[in-house]
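2 protein chains.
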Amino acid sequence: MATTDDVTKAVRKYLEEVATGTGRSIAALYAADATVEDPVGSEPNRGRAAIEKFYSAIEQTERSTDLLAIRVAGNSAAFHFRVVTKVGGQTMTIEPIDVMTFGDDASITSMRAFWSPDDLVVS
Amino acid sequence: MATTDDVTKAVRKYLEEVATGTGRSIAALYAADATVEDPVGSEPNRGRAAIEKFYSAIEQTERSTDLLAIRVAGNSAAFHFRVVTKVGGQTMTIEPIDVMTFGDDASITSMRAFWSPDDLVVS
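Residue numbers (the UniProt record's numbering), protein chains in the order written: chain A, 1 to 123; chain E, 1 to 123.
No wet-lab data here; the hints were simulated from the structure. Treat the hints with care, as some may be off.
Since copy identity is lost for identical chains, a pair holds within one copy or between any two.
[Said to hold, decoys possible] Straight-line Cα separation of at most 25 angstroms, SDA-like style, residue types lysine to any residue; simulated pairs:
| id | residue 1 | residue 2 |
| --- | --- | --- |
| 1 | Lys9 | Pro117 |
| 2 | Lys9 | Trp115 |
| 3 | Lys9 | Ser42 |
| 4 | Lys9 | Asp118 |
| 5 | Lys86 | Thr109 |
| 6 | Lys13 | Trp115 |
| 7 | Lys86 | Met1 |
| 8 | Lys86 | Ser107 |
| 9 | Lys86 | Arg46 |
| 10 | Lys9 | Val121 |
| 11 | Lys86 | Asp119 |
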């Protein structure tokens, strides 16, 4: 079983990759059969190929991420974070709360992102 | 379907009841067949009677709650909050992240609380 420390490190690594990585490098943090439901209520992306495609949409943007709060319970984590994305002269800021589950090797087995369009701030 | 506003109000009402209510009044916010998994990974309390028993443990304490952040996605919410509990001269502070789902009438259909013992601060 992944420890609290393993899970926290895996979340920090994920946010680092979301800020600096590619669709492929972010998807590599996920288990082969993982699911990504973003936002919660949408049809989940299933499997690493679909997950890579999902994240590849952000490759052409300039991004930064900050971890605001994290709570770990067993092999699961809930965390509040900020993503700032610059696209075409506009800055989009959103601070979702994500829930992730992890395998024994600390790979991400599922991600669910809680946010709604009202939470997006464009400046 | 409950609106974002309905869900946010239901979370605020829940935190108000956790601060000032009884096991019965808190359980009344839940659907009859709801589940409470607190912390995530523990055996869930199933049904309103079990939920009432779970919350009645806090009736003899002096408590306050504060909502720190909430994100709503459809009929679900994730929220970060603070609970301060005074028992026998000690003050216990914990700031979990909870995930709730809601019915169309904004009753709580499930609650999962993300925290670990390390997150409890005793002063």
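25 angstroms Cα cut-off: does Lys86 pair with Arg46 within a copy, between copies, both or neither?
neither (28 angstroms within a copy, 45 angstroms between copies)
Can you give me the call for Lys9 and Ser42, within, between, both or neither, at a CA distance of at most 25 angstroms?
between (27 angstroms within a copy, 23 angstroms between copies)
Taking 25 angstroms as the upper bound on the Cα-Cα distance, should Lys13 and Trp115 be classified as within, between, both, or neither?
both (21 angstroms within a copy, 20 angstroms between copies)
For Lys86 vs Thr109, is the C-alpha pair at or below 25 angstroms within one copy, between two copies, both, or neither?
neither (29 angstroms within a copy, 38 angstroms between copies)
Within, between, both or neither, where Lys9 and Pro117 count as close if Cα-Cα is 25 angstroms or less
Result: close only across copies, 18 angstroms inter versus 29 angstroms intra.
Within, between, both or neither: Lys86, Ser107 at alpha-carbon 25 angstroms
neither (29 angstroms within a copy, 39 angstroms between copies)
Under a CA distance limit of 25 angstroms, which applies to Lys9 and Asp118: within one copy, between copies, both, or neither?
between (30 angstroms within a copy, 16 angstroms between copies)
Could you figure out if Lys86 and Met1 sit no more than 25 angstroms apart (CA to CA) within one copy, between two copies, both or neither?
Neither, since 38 angstroms and 34 angstroms both go past 25 angstroms.
How would you classify Lys86 and Asp119 at a CA-CA limit of 25 angstroms: within, between, both, or neither?
within (16 angstroms within a copy, 34 angstroms between copies)
25 angstroms Cα cut-off: does Lys9 pair with Trp115 within a copy, between copies, both or neither?
both (23 angstroms within a copy, 16 angstroms between copies)
Treating 25 angstroms as the Cα threshold, decide for Lys9 and Val121: within, between, both or neither.
For Lys9 and Val121, only the inter-copy Cα distance (22 angstroms) is at most 25 angstroms; the intra-copy one is 28 angstroms.
When held up to the earlier numbered hints, the structure conflicts with 5, 7, 8 and 9 and fits the remainder.
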